[in-house]
Amino acid sequence: AQTVTQSQPEMSVQEAETVTLSCTYDTSESDYYLFWYKQPPSRQMILVIRQEAYKQQNATENRFSVNFQKAAKSFSLKISDSQLGDAAMYFCAYGSGGGADGLTFGKGTHLIIQP
Amino acid sequence: DGGITQSPKYLFRKEGQNVTLSCEQNLNHDAMYWYRQDPGQGLRLIYYSQIVNDFQKGDIAEGYSVSREKKESFPLTVTSAQKNPTAFYLCASSKGVATNEKLFFGSGTQLSVL
Chain R
8 AQTVTQSQPE MSVQEAETVT LSCTYDTSES DYYLFWYKQP PSRQMILVIR QEAYKQQNAT
68 ENRFSVNFQK AAKSFSLKIS DSQLGDAAMY FCAYGSGGGA DGLTFGKGTH LIIQP
Chain V
90 DGGITQSPKY LFRKEGQNVT LSCEQNLNHD AMYWYRQDPG QGLRLIYYSQ IVNDFQKGDI
150 AEGYSVSREK KESFPLTVTS AQKNPTAFYL CASSKGVATN EKLFFGSGTQ LSVL
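Chains as they are written, first to last, in the working numbering: chain R, 8 to 122; chain V, 90 to 203.
Simulated from the structure, these hints should not be mistaken for laboratory data.
Any given hint might turn out to be false.
Once the Cα atoms are required to be at most 20 Å apart in a straight line, the calculated EDC-like pairs of lysine to aspartate or glutamate come out as [what the hints assert, rightly or not]:
| # | chain 1 | residue 1 | chain 2 | residue 2 |
| --- | --- | --- | --- | --- |
| 1 | V | Lys146 | R | Glu17 |
| 2 | V | Lys184 | R | Asp38 |
| 3 | V | Lys146 | V | Glu158 |
| 4 | V | Lys191 | R | Glu59 |
| 5 | V | Lys146 | V | Asp127 |
| 6 | V | Lys191 | R | Glu36 |
| 7 | R | Lys80 | R | Glu24 |
| 8 | V | Lys191 | R | Asp108 |
| 9 | V | Lys160 | R | Asp108 |
| 10 | R | Lys77 | V | Asp127 |
| 11 | V | Lys159 | R | Asp108 |
| 12 | R | Lys62 | R | Glu22 |
| 13 | R | Lys114 | V | Glu113 |
| 14 | V | Lys98 | V | Asp119 |
| 15 | V | Lys191 | R | Asp38 |
| 16 | V | Lys184 | R | Glu17 |
| 17 | R | Lys85 | R | Glu24 |
| 18 | R | Lys77 | R | Asp88 |
| 19 | V | Lys172 | V | Glu113 |
| 20 | R | Lys62 | V | Glu113 |
| 21 | V | Lys191 | R | Glu24 |
| 22 | V | Lys184 | R | Glu24 |
| 23 | R | Lys85 | R | Asp108 |
| 24 | R | Lys80 | R | Asp33 |
| 25 | R | Lys114 | V | Glu158 |
| 26 | R | Lys77 | R | Glu24 |
Listed next, with one range per pair, are the computed distances between beta-carbon atoms [as the list claims (entries may be wrong)]:
| # | chain 1 | residue 1 | chain 2 | residue 2 | range |
| --- | --- | --- | --- | --- | --- |
| 27 | V | Phe101 | R | Gln76 | 42 to 48 Å |
| 28 | V | Gln199 | R | Ala78 | 36 to 42 Å |
| 29 | V | Phe101 | R | Glu17 | 28 to 34 Å |
| 30 | R | Leu54 | V | Ser156 | 40 to 46 Å |
| 31 | V | Pro97 | R | Glu17 | 38 to 44 Å |
| 32 | R | Ala23 | V | Gly152 | 44 to 50 Å |
| 33 | R | Glu59 | V | Gly91 | 29 to 35 Å |
All figures in this text were calculated on a predicted structure; none of them were measured in a lab.
Heads up, the beta-carbon is just placed ideally off N, CA and C, and yes, glycines get one too.
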């Protein structure tokens with residue numbers, strides 16, 4: 008079974024600064040997807056960024072980028088120019104490429120933005 | 090607007106009672122999922138369904154049941170066998186069945202025990 012580990016229960020960053028959230032995963036599969044989801048206080052789950060394991064290029068979405076290290080099974084999220092609206096729980100998730108059997112989530116990192 | 094609708098937003102269960110959480114999607118997605126979220130925890134998979142009239146147990150299916158009689162609907166019943174049902178329940182869907190594409194989530198149901 009796959010596991011996803013987020014080792015930082017809480018992170019704090021000054022507004023406009025850059026912060027990196029860590030995620031590691033364990034799998035024996037070669038075909039898979041990795042995701043970062045954001046859950047603000049409203050508790051709505053919002054997809055931040057998605058990475059296909061077969062792509063070497065790191066995914067980027069505006070101020071959000073990932074550092075995907077396949078050999079190390081590491082998938083960190085970098086948030087640049089942090090904004091107050093970035094404050095939320097961030098969940099790293101793993102999805103097998105072999106079928107729509109659901110994602111495996113980490114326990115989350117609570118991101119605090121200091122004004 | 091296309092999306093996933095969960096109802097009710099809040100639900101209270103008396104001891105020994107079964108309760109059903111509704112999940113409807115109009116995205117024409119094939120796969121649907123139910124997740125449970127406890128405080129300080131990530132999401133854990135309860136059940137999922139890739140096609141109508143078929144569903145599979147997830148990691149924590151005990152005490153829950155589902156049905157998938159229509160493509161757009163995937164209700165979750167929390168039975169009296171679930172001894173610790175207080176949690177936030179999230180329904181999700183995804184377009185295809187061949188791979189784990191991104192999930193679209195509903196706004197959730199908070200279930201509490203009276």
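To see whether the hints hold, each was checked on the structure:
no. : hint                             : in the structure
1   : Lys146/V <-> Glu17/R             : violated (32 Å)
2   : Lys184/V <-> Asp38/R             : holds (18 Å)
3   : Lys146/V <-> Glu158/V            : holds (17 Å)
4   : Lys191/V <-> Glu59/R             : holds (11 Å)
5   : Lys146/V <-> Asp127/V            : holds (19 Å)
6   : Lys191/V <-> Glu36/R             : holds (18 Å)
7   : Lys80/R <-> Glu24/R              : violated (26 Å)
8   : Lys191/V <-> Asp108/R            : holds (12 Å)
9   : Lys160/V <-> Asp108/R            : holds (16 Å)
10  : Lys77/R <-> Asp127/V             : violated (30 Å)
11  : Lys159/V <-> Asp108/R            : holds (19 Å)
12  : Lys62/R <-> Glu22/R              : violated (32 Å)
13  : Lys114/R <-> Glu113/V            : violated (27 Å)
14  : Lys98/V <-> Asp119/V             : violated (24 Å)
15  : Lys191/V <-> Asp38/R             : holds (15 Å)
16  : Lys184/V <-> Glu17/R             : violated (33 Å)
17  : Lys85/R <-> Glu24/R              : holds (11 Å)
18  : Lys77/R <-> Asp88/R              : violated (26 Å)
19  : Lys172/V <-> Glu113/V            : violated (26 Å)
20  : Lys62/R <-> Glu113/V             : violated (34 Å)
21  : Lys191/V <-> Glu24/R             : violated (28 Å)
22  : Lys184/V <-> Glu24/R             : violated (36 Å)
23  : Lys85/R <-> Asp108/R             : violated (28 Å)
24  : Lys80/R <-> Asp33/R              : holds (7 Å)
25  : Lys114/R <-> Glu158/V            : violated (32 Å)
26  : Lys77/R <-> Glu24/R              : violated (27 Å)
27  : Phe101/V <-> Gln76/R: 42 to 48 Å : holds (46 Å)
28  : Gln199/V <-> Ala78/R: 36 to 42 Å : holds (41 Å)
29  : Phe101/V <-> Glu17/R: 28 to 34 Å : holds (31 Å)
30  : Leu54/R <-> Ser156/V: 40 to 46 Å : violated (27 Å)
31  : Pro97/V <-> Glu17/R: 38 to 44 Å  : violated (31 Å)
32  : Ala23/R <-> Gly152/V: 44 to 50 Å : holds (47 Å)
33  : Glu59/R <-> Gly91/V: 29 to 35 Å  : violated (24 Å)
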